[in-house]
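S.K.: Next come the chains, spelled out residue by residue.
There are 2 protein chains.
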Amino acid sequence: VLPIRLAFAQTNPIVGDFAGNLEQIKSAALEASRTGIDLVIFGELALCGYPLGDLSYRRDIVASSEAALTELVGFSASIPNLTLLVGFARIASHENPAQSSKAIAHNSAAVIRGGVLLGRYDKQLLPNYDVFDDWRNFVPGDQELVIDVAGARVGIKICEDIWGEQKNPFGQDVDLIAVLNGSPYTFSKEAKRREAAKEYAAGVPIAYANLCGGQDELVFDGGSFVLDATGAEIYRAGFAEGLFEAIEGELQTLTENEKIYQVLVCGLRDYLKKTRQSKLVLGLSGGIDSALCAAIAAAAIGPENVVGVAMPSRYSSDHSVQDAIAVAANLGIEFRTIPIEPAHSAFEKMLTLSPLAEENLQARLRAVILMGISNSAGRLLLTTGNKSEVAVGYSTIYGDSAGGFAPIKDLLKTDVWRISRYVNERAGKELIPLSSIEKPPSAELRPGQLDQDSLPDYEILDGIIRILIEQNQTTTQAIAAGYPEDLVLKTDSMIRAAEWKRSQGAIGTKLSEVSFGSGRRVPITTRFEAR
Amino acid sequence: VLPIRLAFAQTNPIVGDFAGNLEQIKSAALEASRTGIDLVIFGELALCGYPLGDLSYRRDIVASSEAALTELVGFSASIPNLTLLVGFARIASHENPAQSSKAIAHNSAAVIRGGVLLGRYDKQLLPNYDVFDDWRNFVPGDQELVIDVAGARVGIKICEDIWGEQKNPFGQDVDLIAVLNGSPYTFSKEAKRREAAKEYAAGVPIAYANLCGGQDELVFDGGSFVLDATGAEIYRAGFAEGLFEAIEGELQTLTENEKIYQVLVCGLRDYLKKTRQSKLVLGLSGGIDSALCAAIAAAAIGPENVVGVAMPSRYSSDHSVQDAIAVAANLGIEFRTIPIEPAHSAFEKMLTLSPLAEENLQARLRAVILMGISNSAGRLLLTTGNKSEVAVGYSTIYGDSAGGFAPIKDLLKTDVWRISRYVNERAGKELIPLSSIEKPPSAELRPGQLDQDSLPDYEILDGIIRILIEQNQTTTQAIAAGYPEDLVLKTDSMIRAAEWKRSQGAIGTKLSEVSFGSGRRVPITTRFEAR
Chain V
182 VLPIRLAFAQ TNPIVGDFAG NLEQIKSAAL EASRTGIDLV IFGELALCGY PLGDLSYRRD
242 IVASSEAALT ELVGFSASIP NLTLLVGFAR IASHENPAQS SKAIAHNSAA VIRGGVLLGR
302 YDKQLLPNYD VFDDWRNFVP GDQELVIDVA GARVGIKICE DIWGEQKNPF GQDVDLIAVL
362 NGSPYTFSKE AKRREAAKEY AAGVPIAYAN LCGGQDELVF DGGSFVLDAT GAEIYRAGFA
422 EGLFEAIEGE LQTLTENEKI YQVLVCGLRD YLKKTRQSKL VLGLSGGIDS ALCAAIAAAA
482 IGPENVVGVA MPSRYSSDHS VQDAIAVAAN LGIEFRTIPI EPAHSAFEKM LTLSPLAEEN
542 LQARLRAVIL MGISNSAGRL LLTTGNKSEV AVGYSTIYGD SAGGFAPIKD LLKTDVWRIS
602 RYVNERAGKE LIPLSSIEKP PSAELRPGQL DQDSLPDYEI LDGIIRILIE QNQTTTQAIA
662 AGYPEDLVLK TDSMIRAAEW KRSQGAIGTK LSEVSFGSGR RVPITTRFEA R
Chain G
182 VLPIRLAFAQ TNPIVGDFAG NLEQIKSAAL EASRTGIDLV IFGELALCGY PLGDLSYRRD
242 IVASSEAALT ELVGFSASIP NLTLLVGFAR IASHENPAQS SKAIAHNSAA VIRGGVLLGR
302 YDKQLLPNYD VFDDWRNFVP GDQELVIDVA GARVGIKICE DIWGEQKNPF GQDVDLIAVL
362 NGSPYTFSKE AKRREAAKEY AAGVPIAYAN LCGGQDELVF DGGSFVLDAT GAEIYRAGFA
422 EGLFEAIEGE LQTLTENEKI YQVLVCGLRD YLKKTRQSKL VLGLSGGIDS ALCAAIAAAA
482 IGPENVVGVA MPSRYSSDHS VQDAIAVAAN LGIEFRTIPI EPAHSAFEKM LTLSPLAEEN
542 LQARLRAVIL MGISNSAGRL LLTTGNKSEV AVGYSTIYGD SAGGFAPIKD LLKTDVWRIS
602 RYVNERAGKE LIPLSSIEKP PSAELRPGQL DQDSLPDYEI LDGIIRILIE QNQTTTQAIA
662 AGYPEDLVLK TDSMIRAAEW KRSQGAIGTK LSEVSFGSGR RVPITTRFEA R
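Chains V and G, in that order, give the protein sequences.
For the first sequence, my numbering begins at 182 and goes up steadily by one.
For the second sequence, my numbering begins at 182 and goes up steadily by one.
In isolation and in its complexed conformation, chain V is listed as follows (with noise of 0.2 Å):
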């Protein structure tokens, strides 16, 4: 089907990095030549890292991507049969005068063969919805760009350009579409890129590359595919950085619990990796949601760069901290035990507290206690609350929510029991104490609290979540959607009311379409009250 020799180059490239996005590119493209592709398709932007931000706005940063381009022009000389297809951004010789942004630069694709550069296609569509900033970021092409390799035309495209109401412009006067993405997981997410392409397509074949690894709360999950003619799915790369040749028939698969904690894992390694940092420190409470976090840690970094910590307190039940060793025991993590009763005491004597504000002391004295590990033994501290928590404001600000890193935040708690038990699964042993599974969930901050006494049932607060916030509806959708109007009011007004904690909340990896990051963007001061 496929009318020349076509591979994916899945690198994972560091923003602003251009040494070491260029030695990736030109190493895949070695392999490339080496193995007589005809064309190999980079992921966008992948000179320069995605997303760039507002550092697309620095004259330095976009004049450092055009000179490595120039000299990845410069090194497919040595390579003269393989076509480069490759990402950058670059000076625009003009502004969009009905675009109201400071942009500067295209969103590019550089079409390199033999020491020459053949041409230059600049993104058209520019996505501003999400976690996506292009229309701020970026200025839009207007022209179009088809290209000829080995003897087949093959029409150039970017990301979002295929998810717009304009579909191919192309018809069929070329062979394939070749696609470059930068295309972040979300649930679900393979399944609608194979939609929009094939719409997009309409009866030619296209290629769709993208790249792969953690970028802050993203992560690029590979999985580059080809569909021919009909649209019918002939090729899927795996979630791997590489060189992928396209071959008919291949087609890498995962479960969807097996996507998501590969998701999680990437996110914390890379986030680590990119910014030089290898050692992991977090509380273990002897809960599910430490104990998950425990698991993805020592998966990214390696259990012996992870430090676990009981910091027990006077109200902490022995069966959390017999749970907490457990876990460590079975990650092969350090572990660490410090009680927090001298500091408690000391606070006790200097203030005088309310019943609520001697709970958030509890929390902030371990937060206290784990970034003085942080500091001391260079240890990026993990904070380990999931979604739901996130969404109502069940935590402590400065307390349990410190962290650099909070690699469930956008799990709901009903997805971190499922995940957890995956993960136990796909050990094929308890990693995850099946006692941290199935005890009902406790802060552990007085006597006998549960999350119960003050939230919703888990498997109703996630289905509100879901509505209000990841489908974005209203109050009255989530009661038409059969939940209590009592718990969806409450649920909804605890949301808004914790929109102040969250906006200084540590970054985790997205998962779903709307997580609380730099994807949901709404004021801190509101007064909108539902129905």
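None of the hints are false.
Just so you know, same-sequence chains aren't split out, so a pair can sit in one copy or run between any two.
The list that follows gives simulated cross-link-like pairs (lysine-lysine, BS3-like), each with its CA atoms no further than 27 Å apart:
#1 Lys283 to Lys379
#2 Lys530 to Lys460
#3 Lys373 to Lys283
#4 Lys454 to Lys671
#5 Lys440 to Lys370
#6 Lys460 to Lys671
#7 Lys283 to Lys682
#8 Lys454 to Lys207
#9 Lys671 to Lys620
#10 Lys283 to Lys370
#11 Lys440 to Lys454
#12 Lys373 to Lys348
#13 Lys610 to Lys460
#14 Lys440 to Lys610
#15 Lys454 to Lys370
#16 Lys373 to Lys440
#17 Lys348 to Lys370
It is worth saying that the hints were derived from the structure and are not from the lab.
Knowing the structure of chain V, use the given hints to seat chain G on it.
M.R.: For chain G alone, kept in the frame of chain V given last:
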């Protein structure tokens, strides 16, 4: 010069508070009607509050906006001689296919008179830079609107419409251009507005109406004005809520220092009022930053609602405590002293810390105390860091950076000195102790520590920050401007290393063109080496 009697209604809406915003609008309309005004112009989205952010995606919120407008139209039957020009949001009848956003609503102006909705205008140029996300949140309009008011022809525009390349589309066919604005204060913004309005109007009188009040990090500073056909300013309203008739020759002005002071007070006052908070707590170190914040706090909410807490450590100097006592006494705020030694000693026995971690510990113990007071007494905690510190990360996360609002986060240290002297000058007495202004800055986290042990002189540091951040220029440009290469590169490196801390920082009032807030969007993970 003015063909009609014209007034500006500088209302102070709360986002989503349709009942309250409508009440303000009705009240201004009644007053205008009583005094025989022909046309009253309100600010952008005066009915909804601005900016709405992603709340503009919610159909219940847009429906509430339309319902409130319908009520206003009914109300206007009782004041038949007054024309109202009011900003509101409405559902768009169709999307813009070239716009890749999730927007469903227009940012609109309604023309209302005598119980009739005479016309609607939808904002056409949607800004997408700095704090503005209009292209993300709204569908652009494409129809002009000219209305007749008491025999005069008036063309309608909204805010960014007059800042683009396209100028006055009405030519000389109108007697007046009326512009509804949601224009936040930044340094010298008033002159820029007048220049934009003059260039846009191209020989036609123009009336520019602005909102007035704080909304999260923004302060809308009123200052509605009229330019005559030559572009000369013939009227300017002050920085105050209320109805202002445009009377030729009345030009209300403030000095730059007074304007900055009032913006800082307004930003904090409205954040408190709009989030229904009325009490504050802050740490008083004896240094200038916390002293200036205390002065702003006392002015915003009354000294009787402010508690200042000195929390001396074993390293605190006597003069620091004396200066803290003095500022509290001068301002008339409540003062408490809570030495941190008992907690400090307790943690020393619990943990082995590196020297830097030991410094951070002290800052975090103070945050635990302050948040204990905050949680127990329902007092919002202010964090007192200035822009120079925020830029280079010279602060302890979860320590002195803890707080719900950061009054001076966009004020460079050299400006903190200037505004502090001005606070004393305008009071005609020493509110901020001269010794706090004149002593060398110190965090006092180890014996003899001074800021300048770790940082360039503040005059140099602030100059570099202005170039790299506020002017978005490169290190090469900063060096060309005369700053020492080693200090420029060190500052640039510190700025980038602090990105993760800033991402968890409190919001605070924006003053500069590039503040550390929603208007500056850069990745945390980057590896660009300047030069």
